[in-house]
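**Student:** From first to last, the protein sequence lines are chains F and H. Residue numbering for the first sequence follows the numbering used here, starting at 1 and increasing by one per position. Residue numbering for the second sequence follows the numbering used here, starting at 1 and increasing by one per position.
Simulated from the structure, these hints should not be mistaken for laboratory data. Using N, Cα and C, we set each Cβ at its ideal position, and we do this for glycine too. Among the clues, some could well be false.
Stretch by stretch, here's where chain H covers chain F in the computed footprint (C-beta under 8 Å, at least three residues) [claimed, not checked]:
| # | region |
| --- | --- |
| 1 | 64–72 |
| 2 | 98–109 |
| 3 | 113–121 |
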Amino acid sequence: MAESPGAKSMKEQFWDPIAGFGVTFRTMFRKVVTEQYPFEKQPTAPRFHGRHQLNRWPDGLEKCIGCELCAWACPADAIYVEGASNADEPGSPDGSGRFSPGERYGRVYQINYLRCILCGLCIEACPTRALTMTNEYELADSTRESLIYEKSDLLAPLLPGMEQPPHAMLLGDDETDYYRGQYAAPAPGTSAEGAK
Amino acid sequence: MTTTPATTTGAERDVDLVQVTIDGIEVSVPKDTLVIRAAEQVGVQIPRFCDHPLLEPVGACRQCLVDVPDAGNGRGFPKPQASCTLPVAPGMVVNTQATSEAADKAQQGVMEFLLVNHPLDCPVCDKGGECPLQNQAMSNGRGESRFTASGGVKRTFPKPINLSPQVLLDRERCIVCQRCTRFAEEIAGDPFIALVERGAQQQIGIAESAPFLSYFSGNTIQICPVGALTSESYRFRSRPFDLVSTPSVAEHDACGSAIRVDHRRGKVMRRLAGNDPEVNEEWITDKDRFAFTYAALEDRLGYPQVRDRVEDGGDGSLRPASWPEAFAVAARGLAAAGASAVLTGGRISTEDAYAYAKLARVSLGTNDIDFRARPHSAEEEQFLAAHVALGTPGAGAVTYADLESAATVVLAGLEPEDEAGAVFLRLRRAARHGTRVLAVAPYLTRGLGKLSAHLVPTAPGAEADALAAMVEHAEHGVDATTVVLVGERLATSPGALTAAADLAARTGARLAWVPRRAGDRGAVEAGCLPGLLPGGRPVSDATARVDAAASWGVASLPEQPGRDADAIVAALVAGEVRGLVVGGVDPADTTDPAATRAALEAASFVVALDLRETEVTRVADVVFPVAAAVEKAGTFINWEGRTRPFEAVLPSPSALPDLRVLAGISEELAAAGHGAALGFRTVDEARAEMSDLGAWDGDRPAMRAAGATGAASGEGLALSTWKQLVDDGVMQAGDKHYAATARPAVARVSPATYAAASLSGEHVTVVGDRGELTLPVEQVPGMVDDVVWVPMASFGTSVLERLASPGSRVRLKGASL
């Protein structure tokens, strides 16, 4: 293909060296794809697997029943759960109260984000839809301890109409009213969560 | 939870075999085998709920339906049959779900019925993950539910109700298999639970005023094939898949029951019965099951402590110290104290007991060592040396199986239900199959009643005469097919152990000693007695001493006979012995608690090894924390003489086993020129040395003639007392639900004694030489007159401490409370 060394054509001598800049010039007039993260945050895909969230019922009670199925499903062994009994009577011996409808709640709930691979198997395992994933992806920190998220870090914020547990079941007489969705008026601001 | 049946014994191998065809495979099984077991022989697991190899067949759940095209007579059953109640017949043809569509469909139908009213609790249910219903619904149920589609509504009950303070019943989950009720009736003999109501409302219930207060109630939780029965202690604590299970041995009694310890993240969550057909089968007492929290209490000692002695310019208080410093201080103090003695409680493993025994002989140069932190006697020591030490099942000692084959079992100084649960269950099974139980006791307790025992009414102190009278007593029929079980309490009755040995010798009956504590028997073998070196070598025998000394590589062993625990206490008070190494002794258990406390005060140097802070550690000069049974490997030797080794469940770097602490002290002592070092630091090394040393094969010491026998004379009533299974013991602390299952403390007297004391009302005050005690009183018909029974430690303090010295007389007076 080469003709003879030293004898370059006009195209090779003058056009080719600047032809590459064409891409540069053309791009200068296109829309910029660089994201100015962290100054500008871009929304993720709606079903992006981000940080977990422990959801609440519309009255503020936790949905988590401490069943540990998420911990069982977790392939990375990132989740640790301890269950405990809800107690309706005030002044119960263990000093707890009612945190979720039904008999059992998750007393300890930890996710270790150093281990979590955000695969979402825990979400599929959760029998009460207590555990879902948000689109929050900024999961970096400078210490190992701070990346073990406790229950308080994972619980969904209290929306208007919700009350901080422990408190009695406000939406029904027993847990089946909650599970079947047979409660009368959901508190405002919970429709987004309910639509998931 | 299902198990293979117990290994076939030689006798069973000779029985007729029956040829049957199961799923096209011919198999020979013994006559009367149930089809469900025969199917296991060909490798087919028929689903089942109510069937349990140790319970009588009942056919309650109907899950094990199989097709029987030929019942052995050429004709088949028109409908599927429950294989758990169907014995094999020659030529029978059985098709299980593996080959028969009819059987599979029948099983799926039964499963569908069972699931109709079973709640969807699996995520919150304690059984979830180890649930036979879950597993068999997957293996033998339909994949799709027809229930919700047809708009079904489940039967519901309010959530759990308490059958007892410990056992909870969730009636929705119950599939009415009756395993629990059958266990309670057949095995434990406590039929407090029964089926009530009919139809869909059928449920397990208790009488209103009679909770399920059985010492064996925890077993029903374990055999429940669904999560209907749960325990307060374990409820919602963890899931089976995050538990680490370790086989172990129960440390609460001398039965050597196999258990399984489940732990998670360094904490024991629960304990279950292991399966050892030769020992406890699949049953354990509630004490073995629930009393494990003592090792995780707040007041566990975590580091060695050394007292800053006032003489040395300190303030007299205990301060934390490093291990090497504590070893050095302990060694220095013991060396300075001069004559020292060793007291070990009966709760330590055999290896630890061996370390104590060797420390006393080799480092401290004394035979003053005793494991009996309870009322005891010199006669008992002779009895142990002559009749108990070195007995093993292989060498002809009495075993659990012998209890079942014996024609008669004599109990003396032993209340098996309270003091040896696994023995009680074996005796109960034996009694159901015709073994006669003779109980030398002051009254027929509930436990003895469940054994259908024949009472030989005997006042405390009169056991020797009662046993001696049995030789001649034709009706009692004590002969070579008899087993005599003597409890440790017999030591408090002068002459009784001699009489028991004499009874055995004259009739050919076999004799076994059943202590209460797990380490007692091992301590005998390990030489924690003043007159016995390890391996049953008598101190009095020069050959035995030389044998042990040669094995240990020391020039000689002390030949002066040692003091027993009472004598050690007296010598400490008198100043003859000044140093004391004490491990796991509760002064309230000892013969004279006040004297023991005085001895601890009088001792110039006390080294205490304990789990938790106790009154001994508070006065000790050096305190070493030691490992609890779950934190170390070891061996218990049960009453049969069977070795029951176990491995550490939770290795804890902060708690060393007793033998490692003693090794550290002995090494410091040896460095200072006192004796030799123990020569082992780990349990494995100790085991190796013990097997090198071996058992004594020379002459066994004979029992000397007994001293005075008969009941102590004097005014007043004879005091009978023993520890109930669930009481105030230090190793039962920390579980309030378990503690609530304790039987109430009552005083028991015969109606005549009650009348003679001109009592009225429901309470009585028992007055002894150490104090008085007010308890509810119960009149027991048939009880020996002029005897009062009180529980030893069920009211916050011990009888020995608050009421009377052993063998002394008490009197009654009315109390208004």
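**Student:** If a hint holds in the structure, say so; if it doesn't, say that too.
**Tutor:** Checked hints:
1. Residue count for the region 64–72 of chain F with a Cβ under 8 Å from a Cβ of chain H: 7. That meets the three needed, and the coverage hint holds.
2. With a threshold of 8 Å between beta carbons, the proposed coverage of the region 98–109 of chain F by chain H holds, since 3 of its residues qualify and at least three are required.
3. Under the rule that three or more residues need a Cβ within less than 8 Å of chain H, the assignment of the region 113–121 of chain F is violated, with 0 such residues.
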